[in-house]
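The lines below spell out each chain.
Number of protein chains: 2
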Amino acid sequence: MSNRVAAKESHVDVLIVGAGPAGVMACNALAKNGVNVRIVDIRPVKVAAGHADGLQPRTLEVLRSYGLADKVFEKGNQMHMAAFYNPSPSGGIELTDRVPDVTAPTARFPFEITLHQGEIEDIFLSSMRNYGVEVDRPITPMSMEILAAESEYPVKTVLQHLDGSQETEIVHSKYVVGADGAHSWVRKAFEIPMVGEQTNYIWGVIDLVPDTDFPDIRNRTAIHSNNGSCMVIPREGDKVRLYIQLDEKSGLLNEAGRIDKGKATPEHLLEIARKSMHPYKIATPDTFEWWTLYVIGQRVASSFSVNDRVFIVGDACHTHSPKAGQGMNASMGDSHNLAWKLTQVLRGWSDKRLLETYSFERKQYAEDLINFDKQFASLFSGKPRSEDNQDGVSHADFLKIFQTFGGFTSGIGIHYADSLITRSALQSSVQHLTVGQRILPQIFLRAADFRPEEIQDLLPSDGCFKILVFTGDSSVPSQLQKILDVANAMEETLGALAISCGVGQIHDMFKILGISAASKLSVRYNELPELFRAHWSRILIDDFDVSGKKGGDGYKNYGVGPEGAVVVVRPDGYVGLVGPFSSQGVSELGEYFKGFMKA
Amino acid sequence: MSNRVAAKESHVDVLIVGAGPAGVMACNALAKNGVNVRIVDIRPVKVAAGHADGLQPRTLEVLRSYGLADKVFEKGNQMHMAAFYNPSPSGGIELTDRVPDVTAPTARFPFEITLHQGEIEDIFLSSMRNYGVEVDRPITPMSMEILAAESEYPVKTVLQHLDGSQETEIVHSKYVVGADGAHSWVRKAFEIPMVGEQTNYIWGVIDLVPDTDFPDIRNRTAIHSNNGSCMVIPREGDKVRLYIQLDEKSGLLNEAGRIDKGKATPEHLLEIARKSMHPYKIATPDTFEWWTLYVIGQRVASSFSVNDRVFIVGDACHTHSPKAGQGMNASMGDSHNLAWKLTQVLRGWSDKRLLETYSFERKQYAEDLINFDKQFASLFSGKPRSEDNQDGVSHADFLKIFQTFGGFTSGIGIHYADSLITRSALQSSVQHLTVGQRILPQIFLRAADFRPEEIQDLLPSDGCFKILVFTGDSSVPSQLQKILDVANAMEETLGALAISCGVGQIHDMFKILGISAASKLSVRYNELPELFRAHWSRILIDDFDVSGKKGGDGYKNYGVGPEGAVVVVRPDGYVGLVGPFSSQGVSELGEYFKGFMKA
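Residue numbers (this note's numbering), protein chains in the order written: chain A, 58 to 656; chain B, 58 to 656.
Among the hints, a few may not be true.
Listed below are the simulated DSSO-like cross-link pairs for lysine-lysine, each with C-alpha atoms no more than 27 Å apart in a straight line [claimed, not checked]: (1) A:Lys-132 to B:Lys-577; (2) B:Lys-132 to A:Lys-577; (3) A:Lys-128 to B:Lys-128; (4) B:Lys-655 to B:Lys-231; (5) B:Lys-338 to B:Lys-320; (6) A:Lys-245 to A:Lys-213; (7) B:Lys-607 to A:Lys-457.
Listed below are several chain B residues computed to face chain A (Cβ distance under 8 Å; list not exhaustive) [claimed, not checked]: (8) His-137; (9) Arg-275; (10) Asn-276; (11) Arg-315; (12) Gln-421; (13) Gly-493; (14) Lys-577; (15) Leu-578; (16) Asp-602; (17) Val-603; (18) Ser-604.
Here are a few chain A residues that face chain B, going by a calculated C-beta distance under 8 Å [said to hold, decoys possible]: (19) Gln-135; (20) His-137; (21) Pro-157; (22) Ser-200; (23) Glu-202; (24) Pro-272; (25) Asn-276; (26) Pro-291; (27) Ala-505; (28) Asp-506; (29) Arg-508; (30) Lys-577; (31) Leu-578; (32) Phe-601.
Keep in mind that the hints were calculated from the coordinates and are not lab data. C-beta atoms are modelled at their ideal positions from N, C-alpha and C, and glycine is treated no differently.
Construct all of the structure, not just a fragment, from the sequences and the given hints.
Structural data, given as structure tokens:
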């Protein structure tokens with residue numbers, strides 16, 4: 058007789074391994090879209106302090122699109138200004154410059170937010186709970202295999218529970234998302250190599266509530282001194298993080314130039330920071346909230362997916378230095394990119410080919426990120442230029458790279474290349490909305506009640522494509538006739554797509570907004586075709602609000618002429634297609650969707 | 058033997074009778090300030106639908122100061138535009154004009170919000186719960202008397218529970234707030250007469266989700282037709298309220314011109330509205346959310362308090378027509394005015410004379426409101442001007458009064474006259490902050506981290522006076538010396554007040570903000586005196602934020618010169634005193650507070 062019990066087996070559409078920022082981002086997005094999802098994590102509890110904590114302007118826009126930004130704003134610290142300190146002629150350091158921390162001019166939120174990773178994860182966990190999803194922990198995968206593609210649930214994963222029971226179970230899923238960090242089990246299971254190298258830059262990190270006379274302790278401050286480099290990152294409440302460069306003088310390296318972890322204490326790290334901050338003082342606190350040491354590794358996985366069934370996201374596929382504040386943002390960006398594609402395919406609307414664009418878009422981005430990071434980290438770790446060291450890094454050098462890469466580090470400049478879902482052929486029809494970039498923030502007025510609305514807020518991350526129809530001036534009778542004609546053609550095209558995708562209503566699959574050039578006085582919102590107003594709130598006008606302070610110039614800012622235009626915004630907020638407001642535009646629209654949807 | 062049980066007796070600092078908008082506003086404010094408060098209501102459950110539902114711009118600012126605006130914004134409908142329809146030459150009505158609904162140029166929120174009274178009460182009830190206070194219901198007072206003033210709890214109230222038990226209890230309180238509505242038991246108990254009269258204007262109100270081709274159904278729309286007047290008030294979701302004028306043709310009046318309630322149905326009211334909306338159509342819905350009939354009464358209580366121990370607030374002391382959207386706002390404004398005064402006295406900081414200013418300020422306001430209301434209601438109820446009726450009301454007449462009273466109807470223009478707490482003698486030292494009016498919204502930057510902050514958000518309704526110290530440019534050494542001198546004098550003056558009030562720290566009693574004219578590049582926030590920076594976030598500068606879109610010109614907008622100024626903001630957000638930034642200013646500050654505080 059055997060007392061062996063058969064392992065529990067279950068089926069799920071998407072299994073996510075890892076509940077760090079990348080994992081919970083993917084899980085929340087999928088759960089919000091109604092996807093059947095499960096998430097497991099090896100840790101018995103979530104992160105309590107420290108770790109990654111910077112959110113870029115683009116990440117804030119993305120969080121907003123999931124309805125999660127308010128809590129981040131409520132709890133987080135905002136960094137508006139970057140300050141630079143350099144050696145002073147009288148010894149010690151002095152303030153050289155203060156510049157905007159965010160240099161991307163179109164950023165809707167012109168600042169970064171810092172908030173500890175545990176709080177950020179909490180915001181996702183709480184949102185996921187609204188969709189009935191919790192993290193199962195502590196659980197680790199033991200094996201994972203992709204069966205023949207014709208199977209409905211082709212990925213078979215054996216999970217082991219790490220609590221008392223030590224039970225194993227088998228999960229059959231359609232897809233797996235490996236969000237299990239830099240030492241990713243999933244990546245290793247499929248033997249995906251990381252390409253790149255460790256650097257010689259070694260840094261210490263301490264989190265503390267400082268007692269100091271340093272005037273820029275609440276700004277993102279880069280300190281280059283003749284006694285080492287240091288970066289100040291203010292955080293929520295009165296907390297501050299210090300990044301401290303460690304070199305041979307630190308007494309923390311062994312002969313091979315490697316960290317001797319046994320010697321390091323946060324007090325020792327603060328002592329090193331104190332030297333670079335001279336003549337400013339900083340007291341040793343009673344406690345340090347968190348501290349760590351790290352060596353910068355700048356590596357990218359050679360592939361981001363296996364057969365488009367198993368995907369890796371976040372630190373599992375790219376690692377880089379933390380000082381440019383990119384890590385968590387890049388991780389969440391991966392999941393944001395992947396989640397809507399899985400949603401579209403699982404809903405049966407889009408072809409599985411859509412999933413190929415995940416690796417295409419995010420691997421390129423990760424490689425660009427590493428290239429930027431190398432330059433930034435090398436400059437940051439360099440010695441300051443001085444009388445004795447004319448080869449050192451000058452403030453001008455540092456500021457130049459800081460600002461040149463502003464679009465990149467803010468996340469605002471991300472530009473996906475042409476693909477199935479990104480067609481720039483008719484770019485000239487909407488000059489300032491770059492196909493492949495995120496939709497520019499712009500305030501329009503709702504035509505029925507003249508309430509100003511940020512267009513980004515009308516394009517939530519819900520797994521659906523959005524169609525912005527710039528109709529021209531609907532209060533001009535001849536234009537109104539044209540509008541009715543284009544609407545008829547569009548209804549036919551989209552109606553056919555809905556039918557072939559098995560969707561009852563066009564509006565269940567696409568969110569359509571009509572944006573008229575009529576004024577507050579001339580518009581009659583209910584003259585616009587019903588296709589453009591599934592609800593009265595869907596008709597917008599391009600005019601200033603009653604205070605004259607919000608909105609207006611939308612056509613101009615977007616580069617749309619009075620003849621109108623059609624813009625497709627992908628479910629992740631990136632512009633997928635632009636075209637003229639005409640039968641040609643409608644036919645382009647049809648071709649675009651037929652390129653990856655079931656047609 | 059008797060089985061009579063002695064009634065339960067209890068003591069409370071403030072007993073509030075009535076949990077409508079005025080009652081919950083008072084209760085929440087007092088509870089937030091740590092006052093020992095109890096609130097009872099005669100109704101077994103709170104309002105579920107209908108009733109008052111309009112929140113003015115100033116009320117939104119006030120709600121924000123209690124941290125309650127976000128929920129109102131989240132749930133409420135915004136009215137940005139007012140539309141006017143008048144008789145068309147071709148019969149029926151036509152759009153005459155659309156104008157901003159709010160004409161007060163300094164309104165921070167240039168719109169009104171509509172949200173049903175139950176939801177608004179809910180927001181307060183939920184906030185009160187955070188302070189451990191719930192409404193006791195159903196309970197009504199049976200008797201109330203004010204004992205000799207030397208008693209610590211001079212107001213004795215007998216309450217009866219209206220649930221099964223029918224128990225009575227005795228509550229001894231320091232103060233009573235009667236917020237028990239137009240038929241106020243408290244007002245009647247003290248025989249306070251209402252002064253004023255009923256009018257002949259009779260109106261019907263219906264709440265519905267309309268199916269209509271009327272283009273301004275989502276705006277606040279005044280319809281003057283030859284078939285009667287009607288007002289459209291859009292509400293949360295897709296709901297709309299219609300106010301419908303009833304006259305002899307309505308078939309709802311008896312021979313005496315009074316409503317025959319038996320004849321009225323919401324369908325009948327809609328039928329009357331339909332006539333005035335012709336040629337636009339509106340379908341009869343399956344259900345009406347709420348409906349009522351009312352006669353306008355415009356009356357003010359002859360007194361708002363009894364011995365400054367029992368106060369009446371809201372509908373208990375003033376009633377007026379609902380169409381100008383004033384009722385709930387005036388009610389909440391009463392409580393907002395009273396709550397901080399009770400708080401100051403109960404904390405032992407201010408003399409009981411402070412309470413006299415409640416009647417002084419709010420009775421005058423209520424009388425102004427009635428005078429406005431009479432003009433507005435009479436114009437609104439008038440016939441439109443036409444060929445046949447040259448004496449009728451023209452659009453120009455109506456628009457003129459609509460806009461003339463814009464400051465008033467928005468609540469922004471409220472101006473309290475000079476009193477103990479409102480001293481305009483040195484008005485010229487800050488030209489554009491009118492003493493007695495609410496502090497103008499203005500964005501400043503926090504000097505430590507350059508985060509833009511609306512000054513109103515730094516002045517929460519917490520029962521404390523705020524002192525804004527405009528220091529001039531602290532980065533100029535000679536000015537910095539002056540700043541240190543003024544700070545020393547101020548510390549002495551405020552320190553003496555704190556001691557005489559029995560408060561340990563100046564900052565426990567006053568919130569002080571230092572506002573420097575230094576720039577983003579020149580400021581060192583920690584050069585300012587410690588008196589002005591109880592926390593690093595308390596030092597502000599008058600400069601534009603990094604995007605150049607927020608803040609700047611604060612000194613100019615307020616009319617403060619480069620030499621600086623001192624501004625006292627009352628706990629309710631109204632300017633109490635302005636003076637120069639000098640020893641004279643400090644001495645004025647001392648005199649002001651000694652006028653009503655324990656000194």
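The hints, checked one at a time:
Restraint check for Lys-132 of chain A and Lys-577 of chain B: the C-alpha separation of about 25 Å stays at or below 27 Å, so the hint holds. Restraint check for Lys-132 of chain B and Lys-577 of chain A: satisfied, since their Cα atoms lie roughly 25 Å apart, inside the 27 Å limit. Between Lys-128 of chain A and Lys-128 of chain B the CA atoms are separated by roughly 13 Å; this keeps the pair inside 27 Å, and the hint holds. Annotation: proposed proximity of Lys-655 of chain B to Lys-231 of chain B holds, straight-line Cα distance about 19 Å (limit 27 Å).
At most 27 Å may separate the alpha-carbon atoms for a hinted pair to count; Lys-338 of chain B and Lys-320 of chain B meet this at roughly 24 Å. For the hint linking Lys-245 of chain A to Lys-213 of chain A, the alpha-carbon distance of about 16 Å falls within 27 Å, and the restraint holds. Taking the CA atoms of Lys-607 of chain B and Lys-457 of chain A, the gap is near 26 Å; set against the 27 Å cutoff, the hint holds. Contact between His-137 of chain B and chain A, as hinted, is supported at the beta carbon level, the nearest pair being about 4 Å apart and thus within 8 Å.
The closest approach between the C-beta of Arg-275 of chain B and any C-beta of chain A is roughly 4 Å, which is under the 8 Å cut-off, so the hint is satisfied. With 8 Å as the threshold, the beta carbon of Asn-276 of chain B comes within range of chain A, its nearest partner Cβ sitting at about 6 Å, so the hint holds. Evaluation of the Arg-315 of chain B hint against chain A yields a violated restraint, the C-beta minimum of about 37 Å exceeding 8 Å. Look at Gln-421 of chain B: its Cβ only gets to about 30 Å from chain A, farther than 8 Å, so that hint breaks.
Evaluation of the Gly-493 of chain B hint against chain A yields a violated restraint, the C-beta minimum of about 25 Å exceeding 8 Å. The beta carbon of Lys-577 of chain B is positioned within 8 Å of a beta carbon in chain A (closest approach about 6 Å), and the interface hint is therefore held. Here the hint on Leu-578 of chain B is kept, as its CB sits about 6 Å from the closest CB of chain A, short of 8 Å. Residue-level restraint check for Asp-602 of chain B holds (minimum Cβ-Cβ distance to chain A is 7 Å; threshold 8 Å).
At its closest, the beta carbon of Val-603 of chain B sits 4 Å from a beta carbon of chain A; the interface hint therefore holds under the 8 Å criterion. Because the smallest distance between the Cβ of Ser-604 of chain B and any Cβ of chain A comes to about 4 Å, under 8 Å, the interface hint for this residue holds. A cut of 8 Å between beta carbons decides the hint on Gln-135 of chain A: the least distance to chain B is about 5 Å, and the hint holds. Taking 8 Å as the C-beta contact cut-off toward chain B, the hint placing His-137 of chain A at the interface holds, the least distance being around 4 Å.
For Pro-157 of chain A, the suggested interface contact is upheld, since its CB lies about 4 Å from the closest CB of chain B, less than 8 Å. Interface restraint check: Ser-200 of chain A against chain B, minimum CB-CB distance 47 Å, threshold 8 Å, status violated. Contact between Glu-202 of chain A and chain B, as hinted, is not supported at the beta carbon level, the nearest pair being about 47 Å apart and thus beyond 8 Å. Taken as an interface hint, Pro-272 of chain A checks out: its beta carbon lies about 4 Å from the nearest beta carbon of chain B, inside 8 Å.
The beta carbon of Asn-276 of chain A comes within 6 Å of a beta carbon in chain B, closer than 8 Å, and the hint placing it at the interface holds. With its C-beta approaching chain B no nearer than about 6 Å, Pro-291 of chain A sits inside the 8 Å limit, and its interface hint holds. A least Cβ separation of about 4 Å between Ala-505 of chain A and chain B falls short of the 8 Å threshold, and the interface hint therefore holds. A distance limit of 8 Å between C-beta atoms decides the matter here; for Asp-506 of chain A the minimum to chain B is near 4 Å, and the interface restraint holds.
The interface hint given for Arg-508 of chain A is met, as the beta carbon of that residue sits about 5 Å from the closest beta carbon of chain B, less than 8 Å. At its closest, the beta carbon of Lys-577 of chain A sits 6 Å from a beta carbon of chain B; the interface hint therefore holds under the 8 Å criterion. Below 8 Å, beta-carbon pairs count as interface contacts, and Leu-578 of chain A has one with chain B at about 6 Å; its hint therefore holds. The criterion of a C-beta within 8 Å of any C-beta in chain B is not met by Phe-601 of chain A, whose closest approach is roughly 11 Å, and the hint is violated.
Hints 11, 12, 13, 22, 23 and 32 from the list above are not met by this structure, while the remaining hints are.
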